[in-house]
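S.K.: Below, each chain spelled out in residue letters.
Number of protein chains: 2
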Amino acid sequence: MIDTDVSVALPPETLPARDLSANDFTQSGVVALEWIARGLSDPRRHPVRPSVVPGELSELLPRSAPLLGESMDAILEDFERLVVPRVTQWNHPNFHAYFAISSSGPGILGELLTAALDVNAMLWQSCPAATELEQVTAGWLLEWLGLPRDWFGMIVDSASIGVFQALVAARATASESSGEADGVPDPRFTVYVSEHTHSSVEKAAIAAGIARRHIRRLPVDGHYRFDAGALERAIEQDLARGLRPLFVAATVGTTSTTAIDPVPAIADLSERHGLWLHVDGAYGANYAVHPDGSAFLAGVERADSFVVNPHKLLLVPLDCSLLYTRHPERLRRAFALEAEYLKTGVSGVVDFMDYGLALGRRFRALKLWFVMRYFGRQGIVAHLDKSLRLTRWFGERAAEDPRFEIVAPIAMGLVCLRLSEAAGGDAATRRLLESIHATRRFALSHTVLGGRFVLRVAISNHRTELDDVSALWEALSAAAGVEAGASNASGD
Amino acid sequence: MIDTDVSVALPPETLPARDLSANDFTQSGVVALEWIARGLSDPRRHPVRPSVVPGELSELLPRSAPLLGESMDAILEDFERLVVPRVTQWNHPNFHAYFAISSSGPGILGELLTAALDVNAMLWQSCPAATELEQVTAGWLLEWLGLPRDWFGMIVDSASIGVFQALVAARATASESSGEADGVPDPRFTVYVSEHTHSSVEKAAIAAGIARRHIRRLPVDGHYRFDAGALERAIEQDLARGLRPLFVAATVGTTSTTAIDPVPAIADLSERHGLWLHVDGAYGANYAVHPDGSAFLAGVERADSFVVNPHKLLLVPLDCSLLYTRHPERLRRAFALEAEYLKTGVSGVVDFMDYGLALGRRFRALKLWFVMRYFGRQGIVAHLDKSLRLTRWFGERAAEDPRFEIVAPIAMGLVCLRLSEAAGGDAATRRLLESIHATRRFALSHTVLGGRFVLRVAISNHRTELDDVSALWEALSAAAGVEAGASNASGD
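Those sequence lines, one after another, are chains W and H.
For the first sequence, our numbering assigns the number 1 to the initial residue and increments by one for each residue that follows.
For the second sequence, our numbering assigns the number 493 to the initial residue and increments by one for each residue that follows.
It should be emphasised that the hints constitute simulated quantities derived from the structure, not laboratory data.
Errors might be hidden in some of the hints.
With the Cβ distance kept under 7 Å, some of the chain H side facing chain W (calculated, not the full set) [what the hints assert, rightly or not]:
#, residue
1, Glu603
2, Ser650
3, Ser652
4, Val940
Note that beta-carbon positions come from the ideal geometry of N, C-alpha and C, so glycine has one too.
Just chain W, same shape as in the assembly (with noise of 0.2 Å):
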């Protein structure tokens, strides 16, 4: 036996229990749940974007944490009074930008229960519930979108992580494959994008170590799909030069356009050359619940991963993104490490954290479970219908301005709109972006196509409704005439 240094004899003192009693903790809880519920019953009562500098906040708080404790109650006027004013917020009605997503009321209780278990979802024996709802809802998630069930489905933080786990495996795999199992990876490796595939997708084939110079971003076709074409010849001159293409990643719903790539074509060309398909639906797959989107998901049961986020449209908080794979046993093999504490004995079952980077998983099922359960399918078509139907809504109203042009065509919960050159053009768009944003009332964001300034309209907020639109459409309509006049007096 080695030296113990158990030499301090005290026995242990009862140190008071700090933490919150079971009836500070239920009465703070209710303050924090009437908050919330404000928030529900009125969505609209805080402006969508703060009026902050940067560094305000953090001069407002004390440069060290307290030494003693503070009262919860002191902590929450600190939250309403310091934080709340600084947030942009995402789950207002009038927020339009990037993507509107929407927290619901089940989504959030799920999120509370989770934090009060506290469990660690690294092995089913760590929690067998987390890991069994993890399938359970994986499972019911790919009926919904029509996709095959028998899918291995994990839940991760973000898609940026799914599609980075998804590239690793590919990498993996096709190391495998040549007999080359050191796990450096070839510099020959190529993946393939489009110029509007997400950021993420490079990142990821970063992060793996494919040479930036074999990231192809290929052209996109008049409606910024995946130029199918572009992608075989880039293939095919990449084989020509003794290169090997591994990986090229399709977007269902990309984020500038909600463009819908050519998913059955990438898959063939896929098929053929032996690459990694990886859909990316981390917003548009969503709509596939929907029947106007059951169109949307044809040829993705062809790839050999897939993403999309319920976090974005399906009304659970951020963060759940499912990370889908037709290829379990690669993913394993590409993350899976033995160390002896984790050794469990079980067999027969699934150790999430050996299919992924992260050891540590919060019990990210229990909010999917309490949503799809609360809203059932129906619920979520209604919401999906909302938001397809105020899009088309505000469309037509853009459509029928002259002054305005619709830059890409409307499939999800999008418009990407922008004066047109008569109108002002960019320079015009853009001061119109800033004199709505100016107003505070609303939040939108841009994004440029074909060299154009284009401002994003994202309408899928569960609270969104008509008047919150025609709002918008209004605030749009009159900053637009003002540019107008300006355009008109300047002679332009």
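Keeping the supplied structure of chain W fixed, place chain H upon it in accordance with the hints.
M.R.: Chain H only, in chain W's frame:
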């Protein structure tokens, strides 16, 4: 203008708002709060280890999600009836497996509000308060740990992701410095860990494309600490062979035994040979908030990157892992990609998405802020103090009992012990673990040290009291008696 596909002329119907009403949300929320509060006041009411066979929960749940929504009452009832009995109770005072973590009331309420706000802290502009609170709390924690206040800190979900990001930054920096801007890992890169470094480092190296045969698992000393002499020899051998030593991970509180690697000696070697030094303090660094742990982080100020998980010992619910670095610009160069739709035009701010792999980022700083304020430094010290005292008390009992061997120094909240060879050795120790687990009263885990099977007793749950630890000791002692009887009977 292109074809706009906005032919649907129907006005949007006002669909019923199917989310929970404010009243129903509050009512269901109170049910959830009271369930949690019962756990706070009676944390022993569920068996710590569930009695469950693989597939049991899956079989109890329907194969498909419901078409029509269900009531929140029914869902919460099923949570308690179906899920809870199959949960491993990590928050139980008799949970001594892996590392014993605790979620606290303030942390749970922070997570509740984070889910309600549902912001994405990817950019400063996408939620100024989330970004700045992350910066502020990261700075507060550095002060508690006695580390340089000017380090850059960010919150990620797990230490696994943190070390991966550090390794990719190290790889990119080394490649740039030798003029290889292409991003393919040099096959000559080598990474150094000890036999006791957490498996996530090796997993990160594999994912980052480091050659598996160049990941050196080096020996430890008699106290399971990284052998700095072995590290020096390995680096020198690799240099002599023309390899490129890149990265070394030192640990403050290893997973198997809570050993503290000789960080100053490893820092000397790192500086001499230009390696990136990462310090994994995921578990152990938290004890540096306590006066007894003030020396634990000696030398860490020289690290290039450092991880500590407040979700392990600082009463913050999963997930909250702090990644710190002295070189934020290196992290940023490795991970920043500019997508048009994410350009904000705001300068002088930190956009955390540019420093890591994940784009989607929850507002995790809120719960950390709640916990640091509610408990204060003194409250956290009291919590850590209890962990250290109870651990030492338990260690003394084991040290006094000749049937047991303590197999590693007790530095933090963990006792590694086994039955001596005379008392039955490995086989008897395995049976001891099985018999303790069969009672479902305690959760322990195991490891293998020097080829011997060892029990790990982690004592750091906030709600663990002397009576709990005393009961565990009695149970172990009684079971050891049975084992000794068996050994004697078999003439061993």
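S.K.: For the hint on Ser650(H), just tell me whether its beta-carbon gets within less than 7 Å of chain W.
M.R.: Since the shortest Cβ distance to chain W is 4 Å, the answer is holds.
S.K.: Verify the interface restraint on Glu603(H): the C-beta must sit less than 7 Å from at least one C-beta of chain W.
M.R.: 4 Å, holds
S.K.: Double-check Ser652(H) for me: the hint is only fine if its C-beta lies closer than 7 Å to a C-beta in chain W.
M.R.: 5 Å, holds
S.K.: Just to be careful: measuring from the Cβ of Val940(H) to every Cβ in chain W, is the smallest value less than 7 Å?
M.R.: 5 Å, holds
In summary, this structure violates none of the numbered hints.
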